[in-house]
Amino acid sequence: MARFGMAIDTAKCVGCMDCVVACKTENNIPEGYNRDWITYDSTGKFPTLQMEIRSERCNHCDNPPCVDCCPTGASHVNDFGKVVLVDGGLCIGCKACIASCPYDARFIHPDGYADKCTFCIHRVEEGLEPVCVAVCPTHCMTFGDLDDPNSAINRQLNSRKHHALLTDAGTMPRVFYLT
Amino acid sequence: MTALTRRRFLKISAATVGTAAAGSALVKAGALFQGKGAATRKGIERIPTYCDLCFWKCGAIATVKDGVLWKIEGNPEDPLSRGRLCPRGTGGAGAHFDPDRLRTPLVRRLKRGEEEWVEATWDEALGIIAEKMDRIRKTYGPEAMALFSHGIGGNFLKHLMKAYGTPNITAPSFAQCRGPRDVGFRLTFGEDVSSPERTDIKNAQCLVLIGSHLGENMHNTQVQEFAEAIENDASIIVVDPRYSIAASKAKYYLPIKPGTDLALILAWMNVIVGENLYDREYVTKYGFGFEQFAASIRTFTPEWAFPETGITPDVIQKTAREMARYRPATLVHPGRHVTWYGDDTQRSRAIALLNALLGSWGRRGGFYTPVSMDVPSYPYPDYPKPAKAKVDNPANKYPFAHETLTTGIREATLTGKPYPIKGWMGYATNLIHALPNEQETIQAIQNLDLLVVVDVVPSELAGWADVVLPESVYLERHDDLNVEWFREPFVALRQPVVEAPHDQKPNWWIAKQLAEKLGLGRYFPWATIDEYFEKRMSDAGLSYEELKRRGIIRGAKQPIYFDEGVPAEFPTPSGKIEFYSVQLAQAGFDPVPKYKRPGSPPPGSFRLLFGRAPVHTFSRTQSNRILADMMDENEVWVNEDIVRRLGLRNGEYVKLKNQDGVVSNRVRLKSTQRIRPDCVYLVHGFGHTAKGLKFPLGKGASDAQLITRYEIDPLMGGTAMNVNFVTLETEAA
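In order, the protein sequence lines correspond to chains P and D.
Following our numbering, the numbering of the first sequence begins with 1 at its first residue and continues without gaps.
Following our numbering, the numbering of the second sequence begins with 180 at its first residue and continues without gaps.
Hints in this document: simulated from the structure, not taken from any laboratory.
Straight-line C-alpha distance at most 25 Å; calculated PhoX-like pairs for lysine-lysine: (1) P:K45 with D:K849; (2) P:K45 with D:K430; (3) P:K45 with D:K497; (4) D:K430 with P:K161; (5) D:K311 with D:K290; (6) D:K381 with P:K161; (7) P:K45 with D:K436.
A short, non-exhaustive set of chain D residues, derived as facing chain P with CB atoms under 7 Å: (8) T269; (9) Y422; (10) I424; (11) P793; (12) D808.
Output of the computed footprint for chain D on chain P, the stretches with three or more beta carbons under 8 Å from beta carbons of chain D: (13) 12–19; (14) 24–34; (15) 46–58; (16) 135–145.
Small disclaimer: the values here were computed from a predicted structure and weren't measured.
For every residue, glycine included, the Cβ atom is placed at its ideal position computed from N, Cα and C.
Construct all of the structure, not just a fragment, from the sequences and the given hints.
Right under this line is the structure:
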C-alpha cells in the first residue's frame, strides 16, 4: 500500500502561486480560502540575505493530531495512499482539528466543515498527479510513494539535502523541502 | 519583428511534428460559438486555445464541464507553455466569470470622466463611432485618428485603421517598455530582441539579470527556462536594488544603487577587455570598431564604478571573470521593461556590447535566432497611402525610434502639431496606468472629438471614453493566428471555449461591423472568421481542421545557432557587430555608451521603483477574483531600518507623496530587509480609481499616478519612469 508524500525543490520554486491558483480552480475552493500557500522565508540583513520559498499545505502526517482529536471520525487516514482526509458529511465544524494542526493547514469551509489539501486524491486515483505538482512551471514538486524505495520522491530525498516543517511537533510530516 | 531576408530563407515546410495524437481528446472545438449553450453541453470537453492573460500567448487547454468553464491548463504540444501555464493563465477562468466586466456597449451621458453611461445596442454604439470617424476623416483627414492597441487581439482593429487611412497606430510596449532595449540591440547587432525574447536561458551556464525579476515577472517560457538553468547549476548573477526572487537564487547578488547600472556594465567590460577575457576570435571576425570601443571604456575601471554603484571593485572583477569563464554560454539578459532612467538605450546597448564581448549572440546559452512558420497574410486589398507621415516623431526628433511613440501621439494631441489628432481608439491598453503623467493624458483627451475604448473591463481609460465597447474575453472569442518567432516554428489558434455571458463581442466582429459602417467593407471580404482562418491555413498548406482540434501545429525544427548553420549576419550599417557606432556619432550621440550620474533623492525622500507580481498583468487583472484571491492589493516595500527610524509599523497603511505633491491612495507598508534604504517599491497595476472596477477600486497605490515626472530617451523617445521621489506619510496626514 502506498504512503504518499511530496518533495518540493526550494531552489527551483519561485513562489509564483501557480500551485495555489490551480488548487483553487481544480477543487473549486471558495473566494477567500486556499488549501495551499507560499511562504517566503527570508533571513539576514540587507544585502546579505537568504530566502527559502516554500509551497506549503497539509503535511499528511504519519502521526496526525487532527485525526486523533476528531470527535466524529470525519478526519481520517484514507486507505489509499495514507492521505489525511475530511469527510465533510461527518464533520460538525468543532475546529478541534484546526487547533491541533501545527501547520495551520485547515480552515472551515463556508459550508460548515473543515477543509484542507487532499493531495488531489481524486486525480491520483485516476493516475494523475496532484494538480499543484502537474501545473508547476518550474517543475519543483515531486509526488510519490514514500514506501517505494525506487520512487522518484525517494530518489530525490536520498540524493538531496532536505527538511520538513516543525518536526519537533512529532507529527511526522510527509511534505519535504529540498534545499 | 522586421522580416529579414535570411529568415525568409528559413522557410518552414508544412510538415508537422509527429507528436502523439493528443488531438484525439480535443473534440468539438470551433463549433461552440454558434449558439451551443450550457444547457446543451454535457460532460467534460477539453478545448485548445491560447492564453491572453499576458502577451506571451501560451497554448492552453480549457476544460468545460456540462457547459461551464472549469479549468485551464497548458497545452503539452505548445512550445511556449510546454504544457504548463503561469498562475495568471491557470487563473484565466476568473476573466470569464469576472463580475466587474463590461457587459454591453456604453455611451457617455455626462462630462468625460464622470463615468455616467447610457447602455446602447451595438448598432447604436458603432453608428455613433462611425459617424464621428467619418466626420474626422472629412474634416481633418484619416490621419487624425490614432489607435492605441496592445496585444494580438487588436490585429483586426489595426487592419481597420490602416484601411481607414491612418498611420498612427501604436502600443505602450515600445516607448514605455522594451523600446530602448530593442533599439540598443538593433544599433549593435542590427536586430531586435523582440518578444518572446530570443534568450537561450535554459542553456545558459552563466545568467546575468539586471533588474529583470524573473519569477515575479512571469513570462512563462523564461521562468520555466530559469528553473532549468537553476537545476543545471548555472551561475546566476543578479543586479537589483531589491532582493528579488531571482536574487534569492543568485550566486552573486549585487545590490546596486538605482540608476547606476550603466556604470557597472562599463566596468564589467573594462575588466573583460583589460584582462583579455573576451572572445577574441568572435570579436575579430564579427566586430566593427573594437579598438575605438576599447579605448573609450579604458577609464571605466571597477574603482571608478565603485562610488557610483556601491558595488565593490573586487565583486565587479569577480563577476566579470565569472561571465568570461562560461562564455559564450553566458547570457546577460537584456530585460524587457527597461524605461528606467533616460539612458536606457545606451544602457541596453552596453548590455548588447557586453554580450558581444562574451560571444553570446547567435550561440547556445546566449541568444538564439528565432524562426517562424510561413503562414501568408490574408490577401486584403492594398491600404490607402496616408497623405501625412505619422504624427509621433516630427522632424525625426528621436532618430532611432523604429516603432510609433504613444507619447508622441499624446503630445500631438495636446499641441495640434505637426497636425491635430482628433480621435483615439484604445484597445486592451489602459493608458492612464501605462503612460507617465496621467494629467497629460487626460488633457490630451480633452482635445479629442472621439475617444473609443474596446476592452473587457471598465478601465480608467474607459472611464474617459465617449463610447465603450465590451469585448468578449479570450475564452469566448477567436483572435488572429499566432505565428510566433520562437525556438521552433508553430501556428496557434485562439478559439471560443464558452459563450460570452452578456452582450460582449469579439474584436474581429467589432472591426468588421465598423468597417461596414465606414464604407470599408471590402477590407473584410470574409463572411465568417472561419473563412478567414481557412484561407490563411490553406494558403500555408496547413489544415484548419487540425488546428482547431490541436490548437497548435508545429513545423519542423530549424537551426537556431550559428554553429548549426544559421548565417552570422548582422544587418547594421557596417554589416558587423558595431562596437563603435558611426550612425550614433553622426546623429550626435555617444558612439560608445558613456555614463551619466543620475539625480539623487532629496534627504528624506526615496526613489520610487515598480515591478511585477506573478499573479497580475499590468492594470488588467485586478478584478479577476481568482487572481485577486492571490493578491488583492499591493504593498509599498520599505527597508526595515527606515521603517524603524520613521516610527512606522509593518502592515500599517501609509500614503506616498511625490516631488510634485501628488499623494497616493493608502497602501500597506511592507517592512523588509529585501530592499535598499534609498528606494521604495510597488507592484504595478493597483490603486484603481475607475468606478466600474468595483472589486479593486481603491485597493493599493498606483505607481502610475505618482509618475508625474519622466525623462525622455533622446535616441528613441522612450519615457523613463524611475525618476520620481516619494516621502511616506501616515494615513491620517
